Each structure stands twice: as structure tokens, then as C-alpha cells.
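Sequences listed follow chains A and B, in order.
Position 183 of the first sequence, counting from 1, maps to 183 under UniProt numbering, and the rest follow consecutively.
Position 38 of the second sequence, counting from 1, maps to 38 under UniProt numbering, and the rest follow consecutively.
It should be emphasised that the hints constitute simulated quantities derived from the structure, not laboratory data.
There's no promise every hint is true.
Chain copies aren't distinguished; within one or between two, either way the pair holds.
As the list claims (entries may be wrong) - Simulated crosslink set (DSSO-like; lysine-lysine; CA at most 27 Å straight-line):
| no. | residue 1 | residue 2 |
| --- | --- | --- |
| 1 | Lys244 | Lys157 |
| 2 | Lys182 | Lys244 |
| 3 | Lys212 | Lys244 |
| 4 | Lys100 | Lys157 |
| 5 | Lys211 | Lys244 |
| 6 | Lys157 | Lys248 |
| 7 | Lys157 | Lys211 |
| 8 | Lys285 | Lys157 |
| 9 | Lys212 | Lys182 |
From a predicted model like this one, the values you see are computed outputs, not experimental measurements.
In case you want the letters, here they are:
Number of protein chains: 2
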Amino acid sequence: MVSLVQPQPIIYVLEPFGGSARLHNPMLPHVFHDDAAVTRGDGVFEAILLLGGEPTNLDRHAARFASSAARLGLPAPYLGQWREVTAAAAQAWHAQHGEKHPAARCTWTYTRGRESTGVPSAWVTVGAEPREHARARAEGARALTGPRGYQVDTGDKAAPWLTTGAKTLNYAANMAALRHAKQNGFDDVIFVDTETGRVLEATTSTVIVVKKGRRLRTPRPGQDILSGTSQQALFEYAGQRGYKCKVKDLYVDDLLSAESVWLVSSVRRGVRVTAVNEVELPAPKNAAEIAALIDAALAD
Amino acid sequence: MVSLVQPQPIIYVLEPFGGSARLHNPMLPHVFHDDAAVTRGDGVFEAILLLGGEPTNLDRHAARFASSAARLGLPAPYLGQWREVTAAAAQAWHAQHGEKHPAARCTWTYTRGRESTGVPSAWVTVGAEPREHARARAEGARALTGPRGYQVDTGDKAAPWLTTGAKTLNYAANMAALRHAKQNGFDDVIFVDTETGRVLEATTSTVIVVKKGRRLRTPRPGQDILSGTSQQALFEYAGQRGYKCKVKDLYVDDLLSAESVWLVSSVRRGVRVTAVNEVELPAPKNAAEIAALIDAALAD
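The shape of chain A in the complex, shown without the other chains (with noise of 0.2 Å):
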């Protein structure tokens, strides 16, 4: 009989400014409600794929990471602690759990912290990757496009203190659209830009697509696209590998007229595009082949 129950996470809670780490008890919580991570969303966070105990790409996401914690003027996170208790929580997962749970998410969340003591929050998790990352794994995903719902002012009509390039905990705008997109039949959301047509990013990965068997292109990171840590992966393991690849602006005829149409990220990694609103997207001939160039360039 296969256990419905996911194992629970590895918790450790760390001591800002470098200080020491110690092991939660996954079943008591840890955040208190004047954190300002609940109050406010102010905070950041990276999601690391780990493989076999080992966490992947981490040099990406550790300076993503330091980087969001500077456009929130949060202190410079000790990045060699945050390494650290990653290597140890990854490592005892992979003790209790590798066999069954090879594949896990290690979330780092870093926060302003409590209201009461000004003294921020920070902790690291691992767990099991949810269930439904192997199923659009191997099933694809059925994308709506959409609007963000707002245009980021970039120029010199940019705020001086945008937070758009950081990775924060404000999702709720992105979960509302893959709500929408469930709701309708489908299981993500392309993000559009309602005044050039531009492509952007999905609700939480980037957009990738394929041409003439090796070329991918996938839209220029800036203030309203995340920059991806896995995009980035890919582009480098892949150049290197003969396939070329280009950061360009793309259009919603561009996703239609792709061999192919990936969505990657982190830890769900490659998901192919299966259909832009009603349009079918057929899989290509070399699905698999680009499916094994996006792990092979994530694992590396």
C-alpha cells in the first residue's frame, strides 16, 4: 500500500548575522504572528532542488537570494550559514528519506521579522516535492495567457524602492491567476503584457520556448520577469552543448508557432507546454531530449 502521508519536513531555524542554527520540531509551528512575513509579506525566499542530498544550483540561488534581501534592505544574509544548514538538513534527509524521496525542495525564507523585537526571521526547510510535480512532469501543462493584472512603471517613471526584481513572499496576485486557471480547465497561467504582448513568466516559473530543434528563447528577465535561476541553468549547460540560446522578446504567436513550449523552474524543473488556451501544442519529436537537457542542466 503507497503512504498518502508525505514524510515531515526538516526544519532548522537560524540565528540571524551569522549566529548558530538549531533543529524545529516540524509538528510545532515557529513564526509568530507579528512576524512581518505574516503581516506583510515582507520578505524573501528561494526554492532549491535537491538531488541525492545535494543541493542544485545553489551559487544562483544563493545570490538571487542575497540579492532580493537587498532590494528589501534586509541585512546582507550570512550566505555561508544558510549554506551550511543546507548541506546538513539536505544530508539528513537524504538519510531518512532518499530512497523513497531523491528529489526534495529546500525553501530558505528570510524575513524582517517580529514587530516585537525588530530582529529578523530565518529558517530553511526540506521536504518531500509535492506530488503534483511528477504528474505536469510527465502530463505537461495547459497554459492560459493572461494579464499580470498591472504594468510595472520601469524607466524614470520606476519607484526608487521597487521590490519587483525580488524575490518576495507577495504571491497572492500569481495564486489567484492559478486558481482562475484551474477553475477553467487549465494549470498555469502566461503572464502577457496587456500594452506590447510581450510574453513574461508564469505564475511561479519561466518561459522557455524551442525552435528548429535546438534553438531556445526565452524573454529578457527585468522588473516585471523574475530572473531564473533555472533558466539561467539551462541556457549555460545547453550553449555549452551546441544548442543555442537567446534571451529575446516573445509574443503568444511565438509560443504557437515553438516546436515547444517549457515551463521551468526549480524544483517541478521542466514542464511542456500541452496547449496555449484552446490551442493545442502537439509534443514535438525531441520532447524527451529537451526534458533530459533541462534535469541534466538543473542536476549539474
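Please arrange chain B on chain A, whose structure you already have, making use of the hints.
Below, chain B alone, put in the same frame as chain A:
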């Protein structure tokens, strides 16, 4: 000797769906790492002023809370339960701290809950009003104007899942604006639409201008301006007392030419804007009258 330590808050954790409520020890955390509030800011809240052990403006808060929950696709909150718990917590606060803290802050928080359970999380806290509120009421606030950083798409371009009318936990961008203001010698930011120049709202309050002694104006709430419960209470109360209250587009020039400009919110109540960017706004003769009017409206 004046104690600098604020008293511990009173926390009730509610079972959703009209279940029971329990008093929670405020020295212990109660939010789990995988609560959607923490991981996605996926929840809604209200901040309610308590005066002398009684909640104020509760019908409007309850209505907006229900509306926010509906916009996020959360199960409808059992408002009777929220009200009962609020009354109990408010009375407990008043019995313990009413003499030193006759004004208190009550917060309602309602989230999509833990990823591992799928059951919404719900709690009510009552605590001391932040110290800086009294200072802001006494000294006023110097406000920067600035872009919100994004334009909310409305009309045909609006996303069908748009959450911007909901009071969600996604305030990281507003908090960044507030930090920017403070780093530059200001106390708050009044957001202005970059395309039209319309005044929107401040980071956590509604903008109201007073002209010709007894005319009150506020921008029309909509997808880029949260409907303000305090502004509504003020307009109703003031309207019954001969003030002319109108919802009307406002521009920065209207702020500069007004007799006075106010930032109105539930717990901080009325704070007069003493400067807009580099322009000082001296107190008008009726400043005390307007401050008292706001207080009376919120206490009504």
C-alpha cells in the same frame, strides 16, 4: 519610570468554519512554516481600533474582510464568530490594560492555511497601539509623493482574478516605499498614478483633503485605491454634521492648495500632512476641529 516594554498581546486562534476559538499564549508562536500567509502572503486582514474595550467601525471592517476573502477565493468567514472573539479579546484587554492603553489595535488575519492540511488559518490579536501613532497624530507626517511602481490594469485589460480590491497580506512594496520615505527624512508616501497624476492613497492610509473649512474630498476607491473603512466612517459622520463630503479625483496640486491634508486609517486615526515633498503645509485654524472630527467619527 515609564516602562518601554509594551504588554503582551492577547491572541485567539480560531477554528475556521465556525468552530471553537482558543486563547493562545503570546510567548509562543502559532504559525507554521508552510502557512500560505508565510509562503505566499496568501491571506487577508483587517486592523480595528478598540476604544475602552469596544471595537469601532466594526460593520465596515467585517464587510471588507468578507469581501477580501471572497476576492481571494477563501471560504466565507463566519463573521459572527470573528465578532464574538473580538468582543472577548477586547474586553480582556480592557480589563488588563485599559487604564494605560484605552486605545488598542485588534487585527483579524485569515489565510489559506497550511500546504500540508489545506485548512484555512484564522486568528485575532489585540495589542497596544504602536507608540509612533501617538507621535504622528501630535506632530503630523511629512509625505513624499511617488509612483506606486505599477499601474493596475482596469476595464477590458483587467485580469479576471484581480486581487487588488482585497486587503491582502502583500504589503512588501508599500513597506519598501515607507522605508524609502524614512531614509529621506519623510514619514510616508502618497502614491500618485504616473499616467494621470491622480492621487491614490498613502502606504497604509486613505488621503483626505479639507477645503473652505468644511469641504472634505477623497479619491474614488477602485482597483488601485483600497476602499477605506475610516474614510467611509468619517464621511458619514461629517456629512451628518454639515460638512460637504465628496469622492473626487485629486491631484498633487489639490494637496498643495488645500487647507489641510489628512491620512486616515483605523488604528492611527487622523494624521495631518505637514509637508508634501519640499512644500510645507502649515496648520490651518481648524486643524484641531478636523482632528477631533476624525476621532469622533471613528469612535462613533
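To see whether the hints hold, each was checked on the structure:
1. Lys244 - Lys157: For Lys244 and Lys157, the Cα distance exceeds 27 Å both inside one copy (35 Å) and across copies (35 Å).
2. Lys182 - Lys244: neither (34 Å within a copy, 47 Å between copies)
3. Lys212 - Lys244: within (10 Å within a copy, 67 Å between copies)
4. Lys100 - Lys157: The answer is neither: 51 Å in one copy and 46 Å across copies each exceed 27 Å.
5. Lys211 - Lys244: within (10 Å within a copy, 64 Å between copies)
6. Lys157 - Lys248: both (23 Å within a copy, 24 Å between copies)
7. Lys157 - Lys211: Neither, since 35 Å and 30 Å both go past 27 Å.
8. Lys285 - Lys157: neither (45 Å within a copy, 37 Å between copies)
9. Lys212 - Lys182: Neither: 31 Å inside a chain and 53 Å across chains, both beyond 27 Å.
Of the numbered hints stated above, those contradicted by the structure are hints 1, 2, 4, 7, 8, 9, listed in ascending order.
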